[in-house]
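Novice: If you want the building blocks of each chain, they are given just below.
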Amino acid sequence: MTDVLSYDFMRIALVMAILIGLTAPAIGTFIVQRKLSLLGDGIGHIALTGIGLGLLTGTSPILGALVVTVLGALAIELLRARSRSGGDVALALLFYGGLAGGALLTQAQSGGSSLQSYLFGSISSVTMGDLYVVAGLAVAVLAIVVVFGRDLFLLCQDEELARAAGLRVRFLSVLIAVTAAVTVVIAMRAVGLLLVGALMIIPVAAAQQLARGFRATMLSAMVIGVLSAVSGLLSSFQYDLQPGPSIVLLALVVFLAAVVAGAVLRRRRAFATRPAPGGGPEAAVETGAHGTAAQETAVGAAARVHAEHEAEVLGG
Amino acid sequence: MTPPPFAMTGGRVRLDGREVLAGIDLVVGPGDVLALTGPNGSGKSTLVRALLGVLPLSGGRTEIYGRAPARFRDWGRVGYVPQRLPMGGGVPATVREVVASGRTARQSRWRPASAADRAAIDRALAAVGLTDRARDSAHLLSGGQQQRVLIARALAGEPDVIVMDEPNAGVDAGNQEALARTLGMLTGEGRTVLLVLHELGPLEPLITRTVRLENGRIAAETRLRTTTTTGATASEQTASEQTAGSAA
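Taken in sequence, the protein lines are chains D and U. Quick note: the first sequence uses numbering that gives the first Met the number 0, first residue 0, plus one each step. Quick note: the second sequence uses numbering that gives the first Met the number 0, first residue 0, plus one each step.
These are computed hints drawn from the structure, not numbers from a lab. Watch out, some of these pointers could steer you wrong.
In silico contact screen, one side only, chain U against chain D (beta carbon under 10 Å); selected entries [claimed, not checked]:
# : residue
1 : 64
2 : 78
3 : 95
4 : 137
Computed list of chain U residues with no C-beta within reach of chain D, every gap over 10 Å [unchecked claim]:
# : residue
5 : 122
6 : 135
7 : 225
Backbone N, C-alpha and C define an ideal beta-carbon position, used for all residues, glycine too.
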C-alpha cells in the first residue's frame with residue numbers, strides 16, 4: 000500500500016477513484032429509478048467526440064468532453080421529451096455519431112493509440128490539473144443531489160406526481176441529464192468512456208438487493224462504488240491491467256454477492272415477520288422444496304401472504 | 000369570496016388526436032365531496048389530470064383556486080392520490096419516504112425537513128394506520144396497503160383538496176371500509192374531495208355530489224346532500240391551525 004502511494008499519479012488516481020465511486024452511484028440511483036440505465040453509456044459515447052475536439056484544438060480533453068457531453072445531454076433530453084416512439088432511434092443515432100466522430104478525431108490527432116486509454120481508462124496519464132477539475136465537478140454533482148434530492152426523488156418516482164406537486168419537470172429532467180453528463184466526465188479518465196455507465200448502474204443494482212429504502216439504496220451504492228473503484232484501481236496497478244475493466248468486474252462481483260445476500264436477507268425477514276398461524280407454513284414448505292432460483296419468488300409470496308393477512312386485521 | 004378549488008369552463012383535451020374531453024364545465028366548490036363516475040374510457044381520469052394541470056387543455060380553460068395551473072404556486076393545498084404506486088425503475092423506497100415525498104410542495108429546497116414536516120408525516124402515517132410499517136419497503140405491501148401509502152402521501156402535504164383516482168380499484172372490502180373511515184375524517188375536517196369512482200360503494204354516505212361522464216361530456220349531475228356550511232368554517236380552522244403550526 001505504501002509503495003503504491005509513493006507514486007504521484009497513483010495518489011491522484013486514488014483520490015479520483017473515491018470521487019468517482021461517490022458521484023457515479025449517487026446520480027445513478029436517480030437514473031435507474033427513471034429507467035434511463037443506458038443514459039450514462041450514451042453520454043459516454045458522445046463524450047468521445049468532445050475529447051477528439053479537445054485534442055484537435057489543443058485544449059484540455061476534459062473540458063472538451065464537458066462541453067460536448069452537456070450539449071449531448073441536452074439533446075438527449077429534448078429528444079426524449081419531444082417524441083415518444085422515435086426518440087429511441089434518435090438517441091441511437093446520437094450515440095453512434097458521437098463514438099464514430101470521436102474515434103476519427105482522436106485518430107487524426109494521435110494515431111489511435113490514445114483512443115484505447117479513453118475508452119477503457121488510464122491512470123498513468125492523469126495530472127494534478129485533471130484532479131482539480133474532477134474534484135470541482137464532483138462537488139457540484141453531490142451538491143445537486145443534496146439540494147434537489149427531494150424533487151428528483153418525486154420526479155423519478157412518477158412524472159405526473161411531480162407535476163401535480165408543482166415541480167418544474169422539464170428543468171429537473173434536464174438537470175438529471177446534465178448531472179449525468181458531468182459524472183461521465185468525472186469518471187472517464189479512470190474508468191474509460193465505454194464503462195462509465197457501468198459505475199452508475201451496477202452499484203445501484205447491487206444496493207437494491209439489500210436496502211429497503213431509496214436513501215439507503217443510494218448510500219450503500221456509494222459505499223459499493225468507492226470500494227470497487229479503489230480496489231479495482233489498486234488491482235489494475237498491481238497486475239498491470241486496465242483500470243476500467245478491473246473496476247467494473249469488481250463491481251459485478253459485489254453485485255453477485257449482493258444478490259445472494261439479498262435473497263438470504265429477504266428470507267430471514269419473511270421468517271421474522273411471519274405471524275404464527277395463517278399462510279406461513281405452506282410458504283415455508285415451498286421455500287424448502289424449491290431450488291435457490293425459486294426461493295425469491297417463494298419468499299416474496301410469503302411476504303405478500305403476510306401482508307394480506309395483516310391488511311385484513313387492520314381493515315376489519 | 001375565495002375562488003373554488005377547481006373551476007373548468009369548456010375544457011377540451013385531445014390525446015393522440017382523439018378528443019377525450021369535449022367541453023367540460025365543472026366547478027368543484029370548497030367542502031364538496033364530488034364523485035366522478037362513468038364507464039371506462041369516458042374521460043374520468045383525463046378530467047382529473049386536466050383539472051390538476053398535469054394534462055394540457057386543447058381548448059377552454061381551467062383554474063386551481065382561481066389561477067391557471069401554470070401560474071398556480073400554492074401546490075401544498077392540493078393532494079393527489081394516483082391509482083397505483085409508481086414502480087419506476089425498481090429502486091426501493093420505504094413507506095415513510097413515499098409519504099414524505101407528499102410534502103415536497105411545502106418544503107424549501109435549501110432546508111432539511113423540519114419538525115413540523117416530520118410531525119405531518121407521522122400524522123399522515125397514523126391516519127391510514129401504517130405507522131408500524133413506516134420503515135418497510137412500500138412495494139412489498141399489498142395493493143390495499145399501497146393505496147393507503149398513497150393517501151398518506153397526499154395527507155402529508157396537509158392539502159385543502161384531495162384528488163383520488165379510483166381509490167377502490169383492486170382493493171379488498173376491508174381496505175375499502177378503511178378508506179371510507181379515512182375519508183370521513185377528512186370531510187369532517189371540511190376538506191374538499193374529488194374522487195374518480197367506478198361505484199360509490201361504502202363511500203356513498205360521504206358523497207355530496209356525483210358527476211357522470213359519458214364520451215368526454217358531463218351526462219348527468221346529482222346533488223346527494225348539501226355541503227354543510229360548518230364544513231367551510233372547519234376548513235378555515237384547519238388553515239389557521241396550519242399557519243399556527245408552521246409559525247411554531
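Novice: Now tell me if each hint is right for this structure.
Specialist: Comparing the hints with the structure gives:
Evaluation of the residue 64 of chain U hint against chain D yields a violated restraint, the C-beta minimum of about 12 Å exceeding 10 Å. A hinted interface residue such as residue 78 of chain U counts as satisfied when its beta carbon comes closer than 10 Å to some beta carbon of chain D; here the least separation is about 9 Å, so the hint holds. Taking 10 Å as the C-beta cut-off, the interface hint given for residue 95 of chain U holds, the closest approach to chain D being about 8 Å. A least Cβ separation of about 9 Å between residue 137 of chain U and chain D falls short of the 10 Å threshold, and the interface hint therefore holds.
The non-interface label for residue 122 of chain U is consistent with chain D: the shortest C-beta to C-beta separation is roughly 17 Å, beyond 10 Å. A Cβ of chain D approaches the Cβ of residue 135 of chain U within 10 Å, the least distance being about 6 Å, so the stated non-interface status is violated. The beta carbon of residue 225 of chain U is kept farther than 10 Å from every beta carbon of chain D, the shortest such distance being approximately 29 Å.
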